[in-house]
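**Student:** Residue strings, one per chain:
There are 2 protein chains.
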Amino acid sequence: MESVNIVDELRPLFNPTSVAVVGASNNSTKWGYTTFSNLANQYKGMIYAVNNRESEVQGHQAYTTLTDIPGNVDLAVIVVPAEIVAEVVTDCVSKRVKAAVIISAGFAETGSKGKAMQDEVLKIAQKGGIRLVGPNCMGMWSAPANLPAFMFPMKIEKGPLALISQGGNIGSAIVADSTARGIGYQQYVSCGCTADIQIEDYIEYAGLDDSVKVILVYIEGLNDGARFVEKVSAITRKKPVIVVKPGRTDAAARAISSHSGALSGTDSVYEAAFKKAGVLRVDTSTELLDVAIAFLRQPLPKGRNLVVTTPGGSYGVMAADACALRGLNMIDLPDRVMAEFNTMFPPRWSHGNPVDPAGDRDVVQYMKAPEILLKCDEVDALIFMGFGSFSGITSVFASGDKSWSFDDLKMDVTEIEKLALSALQILDSGDKIQIKGLLQSILNITLGPVLATKAEELDSFADVISTALTTEKMMERSFFINLRQVFRLIANGQTGEINMDTVVSLVEPIIDALLEKWIDDYGKPVITTTFTEGTVKISEAGFSPYPNSERAATVLAKLLEYAEYLDRQ
Amino acid sequence: MESVNIVDELRPLFNPTSVAVVGASNNSTKWGYTTFSNLANQYKGMIYAVNNRESEVQGHQAYTTLTDIPGNVDLAVIVVPAEIVAEVVTDCVSKRVKAAVIISAGFAETGSKGKAMQDEVLKIAQKGGIRLVGPNCMGMWSAPANLPAFMFPMKIEKGPLALISQGGNIGSAIVADSTARGIGYQQYVSCGCTADIQIEDYIEYAGLDDSVKVILVYIEGLNDGARFVEKVSAITRKKPVIVVKPGRTDAAARAISSHSGALSGTDSVYEAAFKKAGVLRVDTSTELLDVAIAFLRQPLPKGRNLVVTTPGGSYGVMAADACALRGLNMIDLPDRVMAEFNTMFPPRWSHGNPVDPAGDRDVVQYMKAPEILLKCDEVDALIFMGFGSFSGITSVFASGDKSWSFDDLKMDVTEIEKLALSALQILDSGDKIQIKGLLQSILNITLGPVLATKAEELDSFADVISTALTTEKMMERSFFINLRQVFRLIANGQTGEINMDTVVSLVEPIIDALLEKWIDDYGKPVITTTFTEGTVKISEAGFSPYPNSERAATVLAKLLEYAEYLDRQ
Numbered sequence: 404m405e406s407v408n409i410v411d412e413l414r415p416l417f418n419p420t421s422v423a424v425v426g427a428s429n430n431s432t433k434w435g436y437t438t439f440s441n442l443a444n445q446y447k448g449m450i451y452a453v454n455n456r457e458s459e460v461q462g463h464q465a466y467t468t469l470t471d472i473p474g475n476v477d478l479a480v481i482v483v484p485a486e487i488v489a490e491v492v493t494d495c496v497s498k499r500v501k502a503a504v505i506i507s508a509g510f511a512e513t514g515s516k517g518k519a520m521q522d523e524v525l526k527i528a529q530k531g532g533i534r535l536v537g538p539n540c541m542g543m544w545s546a547p548a549n550l551p552a553f554m555f556p557m558k559i560e561k562g563p564l565a566l567i568s569q570g571g572n573i574g575s576a577i578v579a580d581s582t583a584r585g586i587g588y589q590q591y592v593s594c595g596c597t598a599d600i601q602i603e604d605y606i607e608y609a610g611l612d613d614s615v616k617v618i619l620v621y622i623e624g625l626n627d628g629a630r631f632v633e634k635v636s637a638i639t640r641k642k643p644v645i646v647v648k649p650g651r652t653d654a655a656a657r658a659i660s661s662h663s664g665a666l667s668g669t670d671s672v673y674e675a676a677f678k679k680a681g682v683l684r685v686d687t688s689t690e691l692l693d694v695a696i697a698f699l700r701q702p703l704p705k706g707r708n709l710v711v712t713t714p715g716g717s718y719g720v721m722a723a724d725a726c727a728l729r730g731l732n733m734i735d736l737p738d739r740v741m742a743e744f745n746t747m748f749p750p751r752w753s754h755g756n757p758v759d760p761a762g763d764r765d766v767v768q769y770m771k772a773p774e775i776l777l778k779c780d781e782v783d784a785l786i787f788m789g790f791g792s793f794s795g796i797t798s799v800f801a802s803g804d805k806s807w808s809f810d811d812l813k814m815d816v817t818e819i820e821k822l823a824l825s826a827l828q829i830l831d832s833g834d835k836i837q838i839k840g841l842l843q844s845i846l847n848i849t850l851g852p853v854l855a856t857k858a859e860e861l862d863s864f865a866d867v868i869s870t871a872l873t874t875e876k877m878m879e880r881s882f883f884i885n886l887r888q889v890f891r892l893i894a895n896g897q898t899g900e901i902n903m904d905t906v907v908s909l910v911e912p913i914i915d916a917l918l919e920k921w922i923d924d925y926g927k928p929v930i931t932t933t934f935t936e937g938t939v940k941i942s943e944a945g946f947s948p949y950p951n952s953e954r955a956a957t958v959l960a961k962l963l964e965y966a967e968y969l970d971r972q
Numbered sequence: 404m405e406s407v408n409i410v411d412e413l414r415p416l417f418n419p420t421s422v423a424v425v426g427a428s429n430n431s432t433k434w435g436y437t438t439f440s441n442l443a444n445q446y447k448g449m450i451y452a453v454n455n456r457e458s459e460v461q462g463h464q465a466y467t468t469l470t471d472i473p474g475n476v477d478l479a480v481i482v483v484p485a486e487i488v489a490e491v492v493t494d495c496v497s498k499r500v501k502a503a504v505i506i507s508a509g510f511a512e513t514g515s516k517g518k519a520m521q522d523e524v525l526k527i528a529q530k531g532g533i534r535l536v537g538p539n540c541m542g543m544w545s546a547p548a549n550l551p552a553f554m555f556p557m558k559i560e561k562g563p564l565a566l567i568s569q570g571g572n573i574g575s576a577i578v579a580d581s582t583a584r585g586i587g588y589q590q591y592v593s594c595g596c597t598a599d600i601q602i603e604d605y606i607e608y609a610g611l612d613d614s615v616k617v618i619l620v621y622i623e624g625l626n627d628g629a630r631f632v633e634k635v636s637a638i639t640r641k642k643p644v645i646v647v648k649p650g651r652t653d654a655a656a657r658a659i660s661s662h663s664g665a666l667s668g669t670d671s672v673y674e675a676a677f678k679k680a681g682v683l684r685v686d687t688s689t690e691l692l693d694v695a696i697a698f699l700r701q702p703l704p705k706g707r708n709l710v711v712t713t714p715g716g717s718y719g720v721m722a723a724d725a726c727a728l729r730g731l732n733m734i735d736l737p738d739r740v741m742a743e744f745n746t747m748f749p750p751r752w753s754h755g756n757p758v759d760p761a762g763d764r765d766v767v768q769y770m771k772a773p774e775i776l777l778k779c780d781e782v783d784a785l786i787f788m789g790f791g792s793f794s795g796i797t798s799v800f801a802s803g804d805k806s807w808s809f810d811d812l813k814m815d816v817t818e819i820e821k822l823a824l825s826a827l828q829i830l831d832s833g834d835k836i837q838i839k840g841l842l843q844s845i846l847n848i849t850l851g852p853v854l855a856t857k858a859e860e861l862d863s864f865a866d867v868i869s870t871a872l873t874t875e876k877m878m879e880r881s882f883f884i885n886l887r888q889v890f891r892l893i894a895n896g897q898t899g900e901i902n903m904d905t906v907v908s909l910v911e912p913i914i915d916a917l918l919e920k921w922i923d924d925y926g927k928p929v930i931t932t933t934f935t936e937g938t939v940k941i942s943e944a945g946f947s948p949y950p951n952s953e954r955a956a957t958v959l960a961k962l963l964e965y966a967e968y969l970d971r972q
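So the protein sequences, as listed, match chains H and B. The first sequence begins at 404 in this note's numbering and counts up one residue at a time. The second sequence begins at 404 in this note's numbering and counts up one residue at a time.
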């Protein structure tokens with residue numbers, strides 16, 4: 404049954420006005436308990452509990468069957484034993500339910516008997532015009548409906564991603580990692596055995612939803628590869644679709660058959676289908692999220708010519724291997740750039756790509772290097788190592804025994820308080836030129852004592868930063884709120900309350916603004932790294948530093964792969 | 404100059420009684436500032452500042468030259484421009500300094516002129532019997548001397564690892580990750596251009612130090628491959644040596660030459676040398692630490708036959724691919740095990756390896772599976788997915804709307820308080836049998852209401868756990884301190900102060916104890932996973948859950964590689 408219009412067809416699923424949970428339970432050891440409580444706590448439409456032995460479920464009236472419910476039901480979430488799902492779906496038909504999420508397991512994944520039950524359920528649903536998610540799935544999320552139709556509570560944010568996963572657990576892990584990194588979803592569907600709505604249908608739906616910027620998919624097996632290629636090709640021309648598809652080995656193929664009931668198929672066939680459909684394949688769920696996040700904010704590279712800047716030689720060595728092994732071209736630096744860096748960096752600098760100032764304490768020179776490189780036609784992309792929370796700039800403040808202190812100002816306390824008050828007035832004025840001037844003064848005053856930089860160099864760097872900080876975009880972000888707060892504390896003589904967190908809250912937006920400026924000015928991707936493991940939040944401007952060069956290089960290689968695919972269209 | 408006994412030879416380096424910093428500075432923008440402050444803050448031996456323009460450095464008397472220092476100097480840390488290092492090393496000879504760490508850069512890594520300077524410095528040192536670290540390095544750490552001879556402050560713990568790194572930055576990143584994971588070092592040396600003491604010398608020293616359990620190495624290029632193989636072979640028979648060696652690509656080889664001045668060499672030559680020396684090669688710094696941590700607590704597998712248990716099918720699928728791709732053998736489950744699992748799990752369980760109970764809410768059955776598998780002769784190792792902080796057991800308490808509550812006890816408050824007091828008496832008695840009985844009661848009382856488990860099953864599981872909790876090792880750990888604290892709060896009617904952190908502080912040691920019991924009882928490695936990114940601390944018993952199956956499989960493959968190497972000796 405091919406849908407004429409997938410958006411209309413799946414509207415009751417993603418935007419239901421009423422939901423019934425069949426198998427809703429008062430017994431906390433049952434999935435029907437958490438499935439219902441989850442929805443009842445969050446979903447704002449009509450919600451009904453169906454339980455054939457209770458008159459009340461978690462304080463809500465319970466109905467013996469779906470057909471007993473007085474109002475309309477758009478969506479049924481079914482969490483009853485597999486054996487009675489057919490009966491429940493028959494009730495759905497009677498009740499004119501439009502879509503159902505079958506969480507219940509025990510279908511195609513268990514073998515031929517389960518497959519026969521699944522086919523029976525599908526037949527009933529198709530005859531009754533009901534679209535099915537699952538069976539054997541963990542449920543779904545739809546941001547516009549604020550609908551967490553999951554079998555257990557899960558933290559998920561609204562956001563620009565869509566995730567379709569044939570594995571509920573790996574889907575949950577990806578969502579958990581996304582939440583930790585500060586990114587959310589427009590839709591997430593755990594599609595399980597995918598009896599009715601196919602993976603390509605969900606991709607098409609997400610593809611037609613303008614709120615979705617990147618589509619993430621975990622596939623165990625496709626039911627109709629040709630249909631997948633046809634439908635998904637149309638989407639990948641508009642937005643990236645990134646896929647994890649295990650099953651390269653026999654061991655995994657066997658595991659797939661007992662999990663989602665899918666035929667894993669020959670890996671080379673999938674590889675060819677993905678290539679044809681313009682789908683980007685990655686190996687792990689970490690890469691899936693890494694690459695998706697990059698697409699949200701990075702422009703596509705025009706070619707594979709890459710430069711790396713690094714505050715440390717060994718990082719650069721690892722990056723060179725990681726990039727070259729992924730087909731990126733570590734270019735020789737143009738002569739004019741070599742000449743310029745020779746004047747900027749100490750004689751021991753690396754004299755090549757990766758650009759490594761070799762322990763130069765003058766961080767300003769390092770922060771100038773990206774623009775010099777990005778403006779070269781020879782350069783398509785930059786990996787800037789040591790950004791984000793572990794950036795060179797932050798470390799100047801955060802490490803060492805010598806942090807910046809008010810004593811560096813060598814000023815009278817009342818004088819400082821007066822200056823803070825006048826700074827507040829300037830910030831309140833909204834006058835961009837005055838604000839820029841103020842920022843430049845602050846930067847000169849605070850950076851001067853801690854940076855090993857000549858005054859005129861510092862001045863021109865402060866000019867670059869203050870320009871980056873006074874764009875329309877930046878004016879709306881938290882930087883100015885935080886800055887005002889600092890001046891208020893100074894004006895009130897509460898400088899003791901200014902701590903390292905305060906400093907970071909001002910320094911991180913500066914790094915964000917610089918990164919934004921480089922990317923916007925030159926239209927080339929700039930991927931950043933932190934060097935240490937551990938979750939790093941996506942910045943306010945949408946940038947994510949990757950923990951190491953391997954992950955940064957993978958991201959860049961995938962941006963390039965997508966750019967090349969689009970070029971061929 | 405081959406040393407007769409490397410331990411004696413390097414004692415002044417790793418256990419100096421006095422240290423001088425040449426180039427110690429009052430100027431916070433100089434590396435000489437942080438190098439000195441770092442040592443002055445922590446090192447307890449005699450410390451001297453040498454500065455030819457100041458009479459005082461950071462409150463310490465400063466000497467114009469080394470030779471002006473009145474007392475003996477074992478170790479000189481040199482942080483002056485490259486051009487005057489030869490002069491300083493000449494002073495070291497006059498002063499009878501025994502070892503020097505040359506942080507200064509600008510030597511072999513910068514080309515032939517720098518190489519000539521380096522050779523000159525080496526000649527002076529060798530003639531004067533001084534052993535050199537570096538040049539162009541970030542310094543070193545020695546736990547017995549509590550000696551942080553680094554160019555900048557770095558958090559490093561004492562511990563069972565040794566790290567030798569030809570890259571200071573990557574070394575720092577590895578140390579930072581180690582600190583975050585809760586593991587430390589006996590020695591860490593950033594060896595830079597390795598003019599004098601060679602990488603194999605440091606490995607030999609660490610190999611002969613019984614406090615070092617695993618040796619981690621980052622190599623850019625070796626000066627004498629045959630010597631490396633000879634020296635390191637003797638060590639790898641006793642303890643694992645794990646190596647990251649970039650330079651597979653030309654881009655990285657070029658970067659290496661400008662970084663450490665090393666000749667990266669043909670990768671296949673290194674590959675062969677590592678194989679011959681029994682060195683385990685990994686690709687990234689993350690893998691280096693992952694594998695090292697596993698060696699600290701896991702036994703070696705006797706073969707490549709592996710089982711995986713997973714709380715989710717997709718995790719299992721990903722694990723099967725990850726393991727099979729790394730040469731591990733996902734065995735078919737023996738018939739008797741199949742039969743046993745058929746009685747334990749719901750009919751929808753995966754019926755194979757990976758073992759997946761497919762959403763069974765009865766977590767007790769899942770926790771029983773490892774012992775059933777580990778006691779099989781057919782099984783050499785287990786990957787147990789979903790352990791640690793994200794384990795099945797913890798999630799029973801931590802997730803869902805239905806957490807455990809005192810109301811579940813259905814008891815009078817004073818009755819509960821009385822029971823808590825008598826529990827405290829039992830804990831104080833030190834009587835293991837009574838304590839075991841107490842633990843078993845507590846487990847039955849608290850788990851009963853939240854687990855979907857039959858009473859007799861729960862009882863036998865409580866017996867397993869309470870046995871695991873009352874081993875000599877466990878009795879010394881924090882579990883009993885935390886448990887006493889909980890009973891004190893209950894006895895004082897302060898149950899409101901018992902929160903999720905309290906629960907986790909009791910549940911995590913239970914998981915630790917179970918894991919320890921499985922490993923100790925069967926002598927087989929049990930690798931665990933969490934599923935989500937982000938740093939996980941090593942547990943009190945020394946176990947580390949890995950975030951995903953790819954990392955777990957890499958670890959297991961390396962344990963196997965080492966076991967096979969030892970078998971061949």
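Any given hint could be a false lead.
[As the list claims (entries may be wrong)] Derived lysine-lysine pairs resembling DSS-like cross-links, with alpha carbons at most 30 Å apart:
| id | chain 1 | residue 1 | chain 2 | residue 2 |
| --- | --- | --- | --- | --- |
| 1 | H | Lys771 | B | Lys642 |
| 2 | H | Lys433 | B | Lys771 |
| 3 | B | Lys678 | H | Lys771 |
| 4 | H | Lys876 | H | Lys813 |
| 5 | H | Lys940 | H | Lys558 |
| 6 | B | Lys516 | B | Lys498 |
| 7 | B | Lys940 | H | Lys857 |
| 8 | B | Lys433 | H | Lys813 |
| 9 | B | Lys813 | H | Lys433 |
| 10 | B | Lys498 | B | Lys518 |
| 11 | H | Lys634 | H | Lys526 |
| 12 | B | Lys616 | H | Lys516 |
| 13 | B | Lys771 | H | Lys516 |
| 14 | B | Lys642 | B | Lys678 |
| 15 | B | Lys940 | H | Lys940 |
| 16 | B | Lys813 | B | Lys616 |
| 17 | B | Lys940 | H | Lys558 |
| 18 | H | Lys433 | B | Lys857 |
| 19 | B | Lys498 | B | Lys526 |
| 20 | H | Lys940 | B | Lys558 |
| 21 | H | Lys616 | H | Lys447 |
If you are wondering where the hints come from, they were derived from the structure by calculation, not from laboratory data.
**Student:** Now look at each hint and say whether the structure bears it out.
**Tutor:** Cross-check of the supplied hints:
1. A distance of roughly 46 Å separates the Cα atoms of Lys771 of chain H and Lys642 of chain B; the hinted pair therefore is violated under the 30 Å criterion.
2. Note on Lys433 of chain H and Lys771 of chain B: the hinted pairing holds, with a Cα-Cα distance of about 21 Å set against a maximum of 30 Å.
3. With a CA separation close to 44 Å, the supplied pair Lys678 of chain B and Lys771 of chain H exceeds the 30 Å bound.
4. A distance of roughly 35 Å separates the Cα atoms of Lys876 of chain H and Lys813 of chain H; the hinted pair therefore is violated under the 30 Å criterion.
5. Taking the CA atoms of Lys940 of chain H and Lys558 of chain H, the gap is near 16 Å; set against the 30 Å cutoff, the hint holds.
6. Using a Cα cut-off of 30 Å, the hinted pair Lys516 of chain B and Lys498 of chain B holds, with the two alpha carbons roughly 28 Å apart.
7. Our distance criterion of 30 Å between C-alpha atoms is broken by Lys940 of chain B and Lys857 of chain H, whose separation comes to about 43 Å.
8. Restraint check for Lys433 of chain B and Lys813 of chain H: satisfied, since their Cα atoms lie roughly 22 Å apart, inside the 30 Å limit.
9. With a C-alpha separation of about 22 Å, the suggested pairing of Lys813 of chain B with Lys433 of chain H holds against the 30 Å cut-off.
10. Distance hint between Lys498 of chain B and Lys518 of chain B is fulfilled; the C-alpha atoms sit about 25 Å from each other, no more than 30 Å.
11. For a cut-off of 30 Å, the pair hint linking Lys634 of chain H to Lys526 of chain H stands: about 24 Å separates their Cα positions.
12. The suggested pairing of Lys616 of chain B with Lys516 of chain H is violated, with an alpha-carbon distance near 54 Å, which exceeds 30 Å.
13. Distance hint between Lys771 of chain B and Lys516 of chain H is fulfilled; the C-alpha atoms sit about 28 Å from each other, no more than 30 Å.
14. Of the supplied pair hints, the one linking Lys642 of chain B and Lys678 of chain B holds, its CA atoms being roughly 15 Å apart against a limit of 30 Å.
15. About 20 Å separates the Cα atoms of Lys940 of chain B and Lys940 of chain H, which keeps this hinted pair within 30 Å; it holds.
16. For a cut-off of 30 Å, the pair hint linking Lys813 of chain B to Lys616 of chain B is broken: about 51 Å separates their Cα positions.
17. Our distance criterion of 30 Å between C-alpha atoms is met by Lys940 of chain B and Lys558 of chain H, whose separation comes to about 23 Å.
18. Only pairs whose Cα atoms come within 30 Å are accepted, and Lys433 of chain H paired with Lys857 of chain B is accepted, the gap being roughly 14 Å.
19. Simply put, Lys498 of chain B and Lys526 of chain B have alpha-carbon atoms about 17 Å apart, close enough for the 30 Å limit, and the pair holds.
20. Of the supplied pair hints, the one linking Lys940 of chain H and Lys558 of chain B holds, its CA atoms being roughly 23 Å apart against a limit of 30 Å.
21. In summary, the hint linking Lys616 of chain H to Lys447 of chain H is supported, as the alpha carbons are separated by about 26 Å, within the 30 Å threshold.
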